[in-house]
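Trainee: Chain by chain, the residues run as shown.
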Amino acid sequence: MSDIVLKTENLTKRYGGVHALEGANFELRKGEHVAIMGDNGAGKSTFVRQITAVEQRTSGQIWFDGKEVNFAGPIEARTAGIETVFQNLALADDLDVPSNLFLGREKVLFNLGPFSILDRKYMRKATEAALVRTAVKIPNLSNTIRHMSGGQRQCVAIARTATFASKLIIMDEPTAALGVQETAQVENIIRTLKANGEPLILISHNMRQVFDLCDRIVVFRRGRIVANLRKESTDGNDIVSYITGAKTGEAELAA
Amino acid sequence: MSQTSHGVGGVSYDAKRRTWPAEFNVFLALVILVIVFELIGRIFLGDSFLFNTRDNVAGIFNEARLQIIILQVSIVGIIAIGVTQVIICGGIDLSSGSIVGATAMIAMSFAQVATVNGNPNPKAMFLAQGWTDLPVIVPVLVAIACGMLAGLINGSLIAYTRIPPFIATLGMMITARGIAKWWSKGQPISFPTDSFAAISTGSRPVIIFLALAVLFQLILTYTRYGKHCYAIGSNEDAARMSGIKIPNHKILVYTIAGILASLAAVVLCSKNLTAQSGMGVMYELDAIAMAVIGGVSLSGGRGSIIGTVIGALIFGVIISGFTFLRLDAYYQEMVKGVIIVGAVVLDQWRQRMRALRA
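As they're listed, the protein sequences go chains Z and S.
Note that full-length UniProt numbering gives residue 31 to position 31 of the first sequence, counting from 1, and the numbers run on in steps of one.
Note that full-length UniProt numbering gives residue 329 to position 329 of the second sequence, counting from 1, and the numbers run on in steps of one.
Quick caveat, the hints were computed from the structure, so don't treat them as lab data.
Be aware that one or more of the hints could be misleading.
[Claimed, not checked] Looking from chain Z toward chain S, a few residues come up when the C-beta cut is under 10 Å (computed):
#	residue
1	Val34
2	Val69
3	Thr79
4	Ala90
5	Leu91
6	Glu106
7	Tyr122
8	Arg146
9	Val226
10	Leu229
11	Lys231
12	Ser233
13	Ile243
Just so you know, even glycine gets a beta-carbon here, dropped at the ideal spot from N, CA and C.
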């Protein structure tokens with residue numbers, strides 16, 4: 001149990017009569033990179049939203065970092081150490097890089113409520129450290145996000161997860177909107193995270209990317225986990241047949 | 001992309017990507033405007049707009065004109081400081097002019113002298129209660145309380161009922177104007193105490209305006225409040241996901257705007273020695289115009305108090321320039337309208353060019 005970072009049991013979410021997620025049993029071990037695949041509407045994002053408490057689950061249990069958790073909202077999940085890179089980025093376009101990394105949890109020199117003075121020097125230093133840790137290159141820290149390319153923005157969003165002592169990083173299609181070179185850049189960052197032993201859940205449609213970056217692949221179909229396969233014991237065709245429903249039934253990990 | 005970049009990160013400073021602050025362009029516009037008036041003056045009137053041409057006055061610059069330029073914009077400028085914060089935060093405040101009217105009436109009635117030329121003050125509303133000759137802090141605090149209340153109502157409406165800021169503050173604009181008229185049944189209130197009148201003697205409105213501008217420029221740049229203003233204005237969803245308490249922040253922003261409008265009211269009625277229910281009409285639009293000319297983006301997230309101050313100066317230069325050229329006030333308004341639209345068009349064009357270069 002000790003090396004399991006995240007575990008869900010019978011995680012279920014219904015929107016009215018729609019069963020978006022049905023009895024998902026999932027485990028993630030320390031340093032493991034797991035891909036979540038599946039068709040649109042298969043329940044991938046719903047699954048992530050329950051873990052990060054953006055939505056409240058209908059039933060089921062979640063253990064994180066050895067404890068059973070009931071996050072009231074995304075802030076609590078983040079404080080506990082679950083960092084998410086959202087599909088729609090969640091960056092403030094008109095702020096510079098350090099401000100975005102520390103958005104909502106600014107480091108202050110002394111506390112005066114809303115008028116607390118920001119510790120800009122510390123935040124700049126911490127930002128540079130985070131960029132080095134995640135191997136993200138940014139031309140100029142003071143540039144606003146508005147003036148950055150899609151790849152640079154995604155890198156900032158990823159660097160943001162590394163600014164704080166995160167225990168689990170979740171990425172929701174981080175390269176969906178990126179070009180070839182930018183995708184390579186983001187994938188390099190993910191490799192750096194792997195080298196640093198940081199666990200990751202990666203939602204992706206890109207088969208090559210998944211086989212490149214992840215240890216294990218979990219396939220969702222119609223709200224259920226239909227496959228849980230080690231990378232070495234499967235191939236692209238196998239995954240596709242699970243995604244499309246040509247193969248059914250929960251495929252257990254090959255022992 | 002080469003694999004050598006793997007594992008190496010950090011900042012690679014690229015000087016070519018460096019951009020000068022947006023305020024610089026606004027300042028440039030101000031300088032050009034002054035030069036235009038100077039040239040027109042020299043060529044057509046044989047007089048200088050900026051420099052001192054009289055022998056009986058010392059100094060290089062025409063200080064009287066410079067003072068007038070700043071003085072006449074300082075009162076609306078105080079409002080514009082609050083409006084700037086509201087707009088940066090992605091909102092709009094149409095109520096500030098009416099808050100000035102209502103606050104001026106209410107504050108003035110707490111700043112009354114007991115006797116005028118030996119007779120009881122005919123304008124004093126609270127003569128019977130003996131609330132006259134009060135220390136100056138009383139009307140000022142009353143004013144701040146009024147502005148605060150109006151701002152709190154604005155902010156709460158916007159934060160909790162989720163109605164557009166345009167509608168919420170439009171309602172407050174009409175209601176506050178009603179209050180201004182109802183307070184003394186439409187009668188003007190005059191005869192303030194000497195200490196109240198002293199608030200706006202000489203160039204004190206300018207000092208108050210600039211002090212507030214410096215204060216809020218520092219707050220916007222160096223505090224969590226300022227950072228959150230820009231964050232909410234540029235991407236409200238991102239701000240929410242980052243854990244910023246958006247309702248609280250919005251209430252605070254509109255409250256600050258209300259307080260600044262009430263301070264403008266104090267300066268205004270202390271300068272005029274009277275309060276009328278029609279005070280501050282159109283001030284909200286002038287304040288918005290100053291902010292927009294100063295480079296504050298109406299879609300939120302961009303702008304600064306420095307920009308707004310320069311925007312206010314452009315406003316002042318136009319008004320005093322037209323007076324200098326002995327043109328009618330009608331032309332002033334026409335040109336003002338053109339400049340506001342022109343400033344927004346220019347700003348958007350500049351943003352597009354920047355986006356293309358990035």
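Trainee: State for each hint whether it applies.
Mentor: To see whether the hints hold, each was checked on the structure:
no.: 1; hint: Val34; verdict: 22 Å, violated
no.: 2; hint: Val69; verdict: 17 Å, violated
no.: 3; hint: Thr79; verdict: 9 Å, holds
no.: 4; hint: Ala90; verdict: 4 Å, holds
no.: 5; hint: Leu91; verdict: 6 Å, holds
no.: 6; hint: Glu106; verdict: 5 Å, holds
no.: 7; hint: Tyr122; verdict: 13 Å, violated
no.: 8; hint: Arg146; verdict: 7 Å, holds
no.: 9; hint: Val226; verdict: 30 Å, violated
no.: 10; hint: Leu229; verdict: 27 Å, violated
no.: 11; hint: Lys231; verdict: 20 Å, violated
no.: 12; hint: Ser233; verdict: 28 Å, violated
no.: 13; hint: Ile243; verdict: 29 Å, violated
Consistency note: the structure conflicts with the earlier hints numbered 1, 2, 7, 9, 10, 11, 12, 13.
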